Amino acid sequence: MMAKIVGVVIILAVLFLVILPSAFFIVDETKQAVVLRFGEIKQVVTKAGLHVKAPFIDKVVKLEKRFQMYDVKPDVIYTADKKNVVVDTFAVWRISDPKVFIESLKNLAVAKTRIDDVVYSHVRDIFAKHQFDEIVSEKREALLQEVTKRSKRDLQDFGVEILSVRVKRTDLPDETLNAVFNRMKSERYQKAAAIRAEGSREAQKITSDADRQVRIIEAEAQKKAEELKGEGEAIAYEIYASAYSQDPEFFSFWRSLQAYRKAIPGDYIILDERSEFLKYLLNPTQ
Amino acid sequence: MERNKMIRTIVIVAIIVAIAGYFASGVYQIEPSEVGLVKRFGRYVRMAGPGIHYHLPYPFESVTKTDVLTLRKIEIGFRTVSTAPLTFREEQEESLMLTGDGNIASVEAVVRYRVKDPAKFAFKVLDDYTLVKFFTESVIREKVAGRTIDDVLTKERDVIANEAAQKIQELLDELDAGISIQGVYLQDVSPPEQVADAFYDVINALQDKEKLINEAQKYANDVIPKAEGEAQKILNEAEAYRQEQILQAQGETARFLQVYEKYKKAPEVTRRRLYLEALEEILGSQKDVLLLSQSGQLSILNLTDIERLVGGGEK
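Residue numbers (this note's numbering), protein chains in the order written: chain A, 411 to 696; chain B, 11 to 325.
Heads up, a few of these hints could be off.
[What the hints assert, rightly or not] No more than 30 Å apart at the CA atoms, straight line, and that leaves these computed lysine-lysine pairs for DSS-like:
#1 A:K441 <-> B:K221
#2 A:K493 <-> B:K134
#3 B:K165 <-> A:K441
#4 A:K578 <-> B:K165
#5 A:K559 <-> B:K130
#6 A:K522 <-> B:K134
#7 B:K165 <-> A:K633
#8 B:K274 <-> A:K615
#9 A:K441 <-> B:K75
#10 A:K601 <-> B:K228
#11 A:K441 <-> A:K483
#12 B:K130 <-> A:K578
#13 A:K469 <-> A:K516
#14 B:K134 <-> A:K472
#15 A:K472 <-> B:K126
#16 A:K578 <-> B:K221
#17 B:K177 <-> A:K672
#18 B:K75 <-> A:K559
#19 B:K236 <-> A:K516
#20 B:K143 <-> A:K483
#21 B:K236 <-> A:K463
#22 A:K441 <-> A:K493
#23 A:K559 <-> B:K143
[Said to hold, decoys possible] Quick list of simulated restraints, FRET-style, between CB atoms:
#24 B:E101 <-> A:K472: 50 to 56 Å
#25 A:V418 <-> B:I62: 34 to 40 Å
#26 B:A129 <-> A:R447: 50 to 56 Å
#27 B:E101 <-> A:A538: 27 to 33 Å
#28 A:D526 <-> B:D111: 29 to 35 Å
FYI, nobody ran anything at the bench for these hints, they're computed from the structure. Since we're looking at a predicted model, the values are computed, not measured. C-beta atoms are modelled at their ideal positions from N, C-alpha and C, and glycine is treated no differently.
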């Protein structure tokens, strides 16, 4: 009785541990699978879940279902206007048809070489037909869509879907790079020189304008001052004239006396007897 | 018999413990920033939030945990070498970008993103870091290539960042990748170090220009008011001179006229008196008066002689 039960348990355990794992297989959400029987594709599974296969003889190959990035190695492309540009592209791809993929490419390594070949040749073809300025501008987007379209078409037959081809970098080869740097430098130094010259021009304008204003202000003041002085003198002369003209002879006498007072200072005085000044001194009665 | 019973009990307990342990392996914990994606035989069936949960043990169910709240960050054109102290290293290979006018700018940026749809994120994208990084590099380069270097370095910075964020989001949505771009942030956008000196020289030149103009302005602000003050001074002096002349004339003539009034009444007397007063004043202030005679001889004029002379006259 006891031995019988133990026997059944052992048989069930063997079934459970050996047969079941071989008859079922689990496909994860991130994966898809191809079931091979002696190298022949028997079944393709793209939906996640539990699936059945023939135990022992069927082999399951699981493939990635998610998007993958393929970084195409950078290379120099000659543009239509004979310029060199280093283009670094990448492709977003996924395995769209596991059956075709396995049949035509066998494995991931082969698939990558194929993607590289196709994408790279299209990038080269299309970019080489365009001018450098078109490649290095927002027009690039259109070129890339063309590359994507062509790559997609070509790789469809291999069970690979290209979702997007994009340019990660467009660079100049080292020798061109230095030329560009040198040009940039000289452009900037020129600009700096121009700015400085502009500065001194503006400064000159301001200072010379100030000098001009100063001279005009001073000259105007001088002019007005002379006018004022002249006016004062004119009025004074008129006053003198109107007063003195009443008796010019007396004025002459009176004014002379004033002049004598002012004109003769000092410790001693030498007078010529015949001098006009002594006319009155020596001959007061005349 | 006793011994058989004991073995049986031990076996039963062992089996129960094993079964309990097997079922207990389905207990799992989800952290606050995570969600758990429960798969039954590899197939996604339900989502679990933060907390303690249970799924059927292997091989029936399994859980994939995804951090959905933490912002993921990718550095473009530079790498953070250490956080304390904060040091960076430039990656020229990534940062140097061609601009639309054939120049080269060094652009460093950060892109931040988070999981928008955990299921899509976990099951559709193999390598989200590389995907977002490549898209960001590609889009920023495209945006920089559409502009001149001066625009990239100055006013278009924000525009580039915004447009890039939008474009990357569009590209990711096309793939239905379950990723949400929170933002693209341009960090150091500068001329490449190979030409930096030349660029800084332009900035210095702008400052030099400003300085020259300011100095000129300062000069103008100094000399013009001074000149105006000077002008006012000249005018005031002239005005003073004018008044002085007039007043002097008025004073002198008034004096003259008053004397003249008296003179008219008695001309001879007044004349003589004026004369004598003047002589007195002039000669009174001299110590000696020397007379040069017609024969060329100098002789001291004796004041008494004058007094005599004068006295011999009218007095």
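Results for each hint:
In summary, the hint linking K441 (chain A) to K221 (chain B) is not supported, as the alpha carbons are separated by about 68 Å, beyond the 30 Å threshold. Taking the CA atoms of K493 (chain A) and K134 (chain B), the gap is about 40 Å. The hint is violated against a cut of 30 Å. Under the criterion of a C-alpha separation no larger than 30 Å, the hint pairing K165 (chain B) with K441 (chain A) is inconsistent with the structure, at around 47 Å. Between K578 (chain A) and K165 (chain B) the alpha-carbon distance is near 24 Å, which keeps this suggested pair within the 30 Å criterion.
The hinted pair formed by K559 (chain A) and K130 (chain B) meets the criterion: a straight-line CA distance of about 25 Å does not exceed 30 Å. Simply put, K522 (chain A) and K134 (chain B) have alpha-carbon atoms about 19 Å apart, close enough for the 30 Å limit, and the pair holds. With a C-alpha separation of about 55 Å, the suggested pairing of K165 (chain B) with K633 (chain A) is violated against the 30 Å cut-off. As the CA atoms of K274 (chain B) and K615 (chain A) are separated by approximately 70 Å, the hinted pair breaks the 30 Å bound.
Of the supplied pair hints, the one linking K441 (chain A) and K75 (chain B) holds, its CA atoms being roughly 17 Å apart against a limit of 30 Å. Distance restraint check for K601 (chain A) and K228 (chain B): the Cα-Cα separation of roughly 26 Å lies within the 30 Å cut-off, and the hinted pair is therefore satisfied. Taken as a hint, the K441 (chain A) and K483 (chain A) pair is honoured in the structure, with Cα atoms around 27 Å apart against an allowance of 30 Å. The suggested pairing of K130 (chain B) with K578 (chain A) holds, with an alpha-carbon distance near 25 Å, which does not exceed 30 Å.
Only pairs whose Cα atoms come within 30 Å are accepted, and K469 (chain A) paired with K516 (chain A) is accepted, the gap being roughly 14 Å. Distance restraint check for K134 (chain B) and K472 (chain A): the Cα-Cα separation of roughly 16 Å lies within the 30 Å cut-off, and the hinted pair is therefore satisfied. This hinted pair checks out: K472 (chain A) and K126 (chain B) have alpha carbons roughly 28 Å apart, not beyond 30 Å. About 44 Å separates the Cα atoms of K578 (chain A) and K221 (chain B), which puts this hinted pair outside 30 Å; it is violated.
For the hint pairing K177 (chain B) with K672 (chain A), the CA-to-CA distance comes to about 103 Å; that exceeds 30 Å, so the pair is violated. A distance of roughly 36 Å separates the Cα atoms of K75 (chain B) and K559 (chain A); the hinted pair therefore is violated under the 30 Å criterion. Among the hinted pairs, K236 (chain B) with K516 (chain A) is inconsistent with the structure: their alpha-carbon atoms are about 94 Å apart, more than 30 Å. Distance restraint check for K143 (chain B) and K483 (chain A): the Cα-Cα separation of roughly 16 Å lies within the 30 Å cut-off, and the hinted pair is therefore satisfied.
At most 30 Å may separate the alpha-carbon atoms for a hinted pair to count; K236 (chain B) and K463 (chain A) exceed this at roughly 106 Å. For the given pair, K441 (chain A) sits about 44 Å from K493 (chain A) by alpha-carbon distance, which is inconsistent with the 30 Å threshold. Using a Cα cut-off of 30 Å, the hinted pair K559 (chain A) and K143 (chain B) holds, with the two alpha carbons roughly 23 Å apart. In this structure the hint that E101 (chain B) and K472 (chain A) lie 50 to 56 Å apart at CB is violated, the actual value being about 36 Å.
At roughly 38 Å, the beta-carbon separation of V418 (chain A) and I62 (chain B) lies within the given 34 to 40 Å, and the hint holds. For A129 (chain B) and R447 (chain A), the hinted distance range of 50 to 56 Å is not satisfied, since their beta carbons lie about 33 Å from each other. In this structure, E101 (chain B) and A538 (chain A) meet the distance hint of 27 to 33 Å, their C-beta atoms being roughly 29 Å apart. With their beta carbons about 33 Å apart, D526 (chain A) and D111 (chain B) fall inside the hinted range of 29 to 35 Å.
Violation of the numbered hints given earlier is confined to hints 1, 2, 3, 7, 8, 16, 17, 18, 19, 21, 22, 24, 26; the remaining hints are satisfied by the structure.
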